[in-house]
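Trainee: For reference, the chains in residue letters:
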Amino acid sequence: MENIVIGLLQLVILVAISPFIKTFIHKIKCILRGQKGPPLTQAYKDIYRLFKKETVISKDASFISRMAPYVVFVSTLWAATFLPVINKYTLLNFTGDIIALAYILALGVFFIALYGMDQASAFGGLGSSREITIAALSEASFMLIIFTFALQTGSTNIGEIFEKVHQFGISHVPVSVAFALISLFIVSLAENARIPFDNPETHLELTMVHEAMILEASGRHLALFELSSYIKLTIFLTLVSNLFFPVGFYKDTSILFIILGVVVYILKMLLFAVPVALIEISMAKFRFFRVPEILILAFMLSLISLIIS
Amino acid sequence: MIKFLVEFFGAMSLFLAIAQLSSNRLNLSIKIYQLQSVFLSMSILFIGIATFEFELYISSFLNLLIKAILIPFFLFKVVEKIKLDREVSMYLNITNSLLFSILIVIFAFYISNKIDITGEVIAKQIFPLSLGIIFIGIFIMISRKKALSQIIGFFDNGKWNTPCRNFPNKRYADDSRNWSVF
Chain A
63 MENIVIGLLQ LVILVAISPF IKTFIHKIKC ILRGQKGPPL TQAYKDIYRL
113 FKKETVISKD ASFISRMAPY VVFVSTLWAA TFLPVINKYT LLNFTGDIIA
163 LAYILALGVF FIALYGMDQA SAFGGLGSSR EITIAALSEA SFMLIIFTFA
213 LQTGSTNIGE IFEKVHQFGI SHVPVSVAFA LISLFIVSLA ENARIPFDNP
263 ETHLELTMVH EAMILEASGR HLALFELSSY IKLTIFLTLV SNLFFPVGFY
313 KDTSILFIIL GVVVYILKML LFAVPVALIE ISMAKFRFFR VPEILILAFM
363 LSLISLIIS
Chain B
19 MIKFLVEFFG AMSLFLAIAQ LSSNRLNLSI KIYQLQSVFL SMSILFIGIA
69 TFEFELYISS FLNLLIKAIL IPFFLFKVVE KIKLDREVSM YLNITNSLLF
119 SILIVIFAFY ISNKIDITGE VIAKQIFPLS LGIIFIGIFI MISRKKALSQ
169 IIGFFDNGKW NTPCRNFPNK RYADDSRNWS VF
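Residue numbers (this note's numbering), protein chains in the order written: chain A, 63 to 371; chain B, 19 to 200.
Any given hint could be a false lead.
As the list claims (entries may be wrong) - Calculated lysine-lysine pairs in the DSSO-like style (CA-CA distance at most 30 Å, straight line):
(1) A/K114 x A/K91
(2) B/K99 x B/K21
(3) B/K21 x B/K142
(4) A/K226 x B/K85
(5) B/K49 x A/K89
(6) A/K89 x A/K121
(7) A/K121 x A/K91
(8) B/K164 x A/K347
(9) A/K91 x B/K21
(10) B/K21 x B/K85
(11) A/K121 x A/K98
(12) A/K226 x B/K21
(13) A/K313 x A/K98
(14) B/K101 x B/K142
(15) B/K142 x B/K99
(16) B/K21 x B/K101
(17) B/K49 x A/K226
(18) A/K347 x B/K99
(19) A/K98 x A/K114
(20) B/K142 x A/K347
(21) B/K142 x B/K164
(22) B/K49 x A/K121
(23) A/K313 x B/K164
(24) B/K142 x B/K85
(25) B/K21 x A/K347
(26) B/K132 x B/K163
(27) B/K49 x B/K132
Said to hold, decoys possible - Non-contacting residues of chain A with respect to chain B, defined by C-beta distances greater than 12 Å in every case (computed):
(28) I126
(29) L154
(30) A212
What the hints assert, rightly or not - Negatives, chain A to chain B, calculated, CB over 10 Å:
(31) N65
(32) T215
(33) F241
(34) M362
Calculated from the structure, these hints are not laboratory results. In this text, a Cβ means the ideal position worked out from N, Cα and C, and glycines have one as well.
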């Protein structure tokens, strides 16, 4: 019962907050650049507008183009049902763990790459090839970080990991935590196509990765892709914030603590969204051939963190 | 909490030493070096807070003044003078040297396991961390071609540990503390 009620609540909160986080990052960037920036509800308006528009599909498109937006969206939501956002009771707590979360997200990446190639546009294929390269390289470090925390807490169940990290704190393994934090941060930037790897704001042909794959999408399909990319960013930020800033109420199920947990969660998300914006404002996008170097740095840091954990 | 902060800042300076390997611009290298020195002096400052030793505050302040302000200032001046910003030529490319630095860090942790640290220890992991920074500094020295980036590697590593190792105070008999004041 707790699993169902609190799990659904967490899913709703995660999905509801995700466009806000995206706009918040954009707004910080705009303010730092001296611009006014969009209102904080802009992403909700975009999604709403896109849902109202009609979908145009190329006549050469196969069933994958019709299916992929839904598969991507559902797989992202599915991964989110494993994630303890404010409480350790989640919807699918009993069926899988943090490794399942990683690979269900990878299913979404796979289908979005197929979608990029399906309509045979030149940009789509290029974007898919780059996305798969980045995803394959960053997955190794993500798994090693997961194993680091599994070793420290003695479990791969994500709710248990969060609860134990919350209970014991991270202060008894500071070196390992420092490396894992940096590595997970690099991996999150890579998986969500943020700036050192890809620029989410432009449609410059030569450099885009994520945008290139969904170039053909329109209307409802584009809305689903955009929404799932927002949710994915929120999932990663939630992971980072719950692992490295373990403040919250993971065990209590009374209504007061849940409301407090939501407030703490939103504050934590805003706190962890700031460094993403700061990195994007202070760095240029790397050449694509430098991307493996950064991801090898992330892999190395996660390996060190695993060894000394 | 003190232990957490000391080791966290130590780990951050090891991370920056590794990030030094992946930087291919001289200006960026000097900035990374500057930030690393700031973290180092924070780490020393927190050891000072933990042990109530006034000398460590002085050491931290000197570290901040010399390594984070003066040396980068002169290095920036030299870079401006000889107009050498972009290139950092190396014998090994970035990917290979990053892979090699995994071995270096593992080696540092391995040999520090062999050394038995006796006495009261505040932050045990500081010892392998500083060994790792020293080794990576040496590696930067031998893998870079130009003198300026070799100098960064030279300052990068623990040349500062030598005066502090023979600290006359009895309370510094503990190895891990001595090494942390490099």
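Trainee: Decide, hint by hint, whether the structure agrees.
Mentor: Do the hints match the structure? See the list:
{"no.": "1", "hint": "A/K114 x A/K91", "verdict": "29 Å, holds"}
{"no.": "2", "hint": "B/K99 x B/K21", "verdict": "43 Å, violated"}
{"no.": "3", "hint": "B/K21 x B/K142", "verdict": "9 Å, holds"}
{"no.": "4", "hint": "A/K226 x B/K85", "verdict": "40 Å, violated"}
{"no.": "5", "hint": "B/K49 x A/K89", "verdict": "28 Å, holds"}
{"no.": "6", "hint": "A/K89 x A/K121", "verdict": "38 Å, violated"}
{"no.": "7", "hint": "A/K121 x A/K91", "verdict": "39 Å, violated"}
{"no.": "8", "hint": "B/K164 x A/K347", "verdict": "27 Å, holds"}
{"no.": "9", "hint": "A/K91 x B/K21", "verdict": "35 Å, violated"}
{"no.": "10", "hint": "B/K21 x B/K85", "verdict": "24 Å, holds"}
{"no.": "11", "hint": "A/K121 x A/K98", "verdict": "41 Å, violated"}
{"no.": "12", "hint": "A/K226 x B/K21", "verdict": "20 Å, holds"}
{"no.": "13", "hint": "A/K313 x A/K98", "verdict": "41 Å, violated"}
{"no.": "14", "hint": "B/K101 x B/K142", "verdict": "43 Å, violated"}
{"no.": "15", "hint": "B/K142 x B/K99", "verdict": "43 Å, violated"}
{"no.": "16", "hint": "B/K21 x B/K101", "verdict": "43 Å, violated"}
{"no.": "17", "hint": "B/K49 x A/K226", "verdict": "37 Å, violated"}
{"no.": "18", "hint": "A/K347 x B/K99", "verdict": "29 Å, holds"}
{"no.": "19", "hint": "A/K98 x A/K114", "verdict": "28 Å, holds"}
{"no.": "20", "hint": "B/K142 x A/K347", "verdict": "39 Å, violated"}
{"no.": "21", "hint": "B/K142 x B/K164", "verdict": "36 Å, violated"}
{"no.": "22", "hint": "B/K49 x A/K121", "verdict": "54 Å, violated"}
{"no.": "23", "hint": "A/K313 x B/K164", "verdict": "57 Å, violated"}
{"no.": "24", "hint": "B/K142 x B/K85", "verdict": "24 Å, holds"}
{"no.": "25", "hint": "B/K21 x A/K347", "verdict": "37 Å, violated"}
{"no.": "26", "hint": "B/K132 x B/K163", "verdict": "34 Å, violated"}
{"no.": "27", "hint": "B/K49 x B/K132", "verdict": "35 Å, violated"}
{"no.": "28", "hint": "I126", "verdict": "35 Å, holds"}
{"no.": "29", "hint": "L154", "verdict": "34 Å, holds"}
{"no.": "30", "hint": "A212", "verdict": "20 Å, holds"}
{"no.": "31", "hint": "N65", "verdict": "34 Å, holds"}
{"no.": "32", "hint": "T215", "verdict": "17 Å, holds"}
{"no.": "33", "hint": "F241", "verdict": "6 Å, violated"}
{"no.": "34", "hint": "M362", "verdict": "5 Å, violated"}
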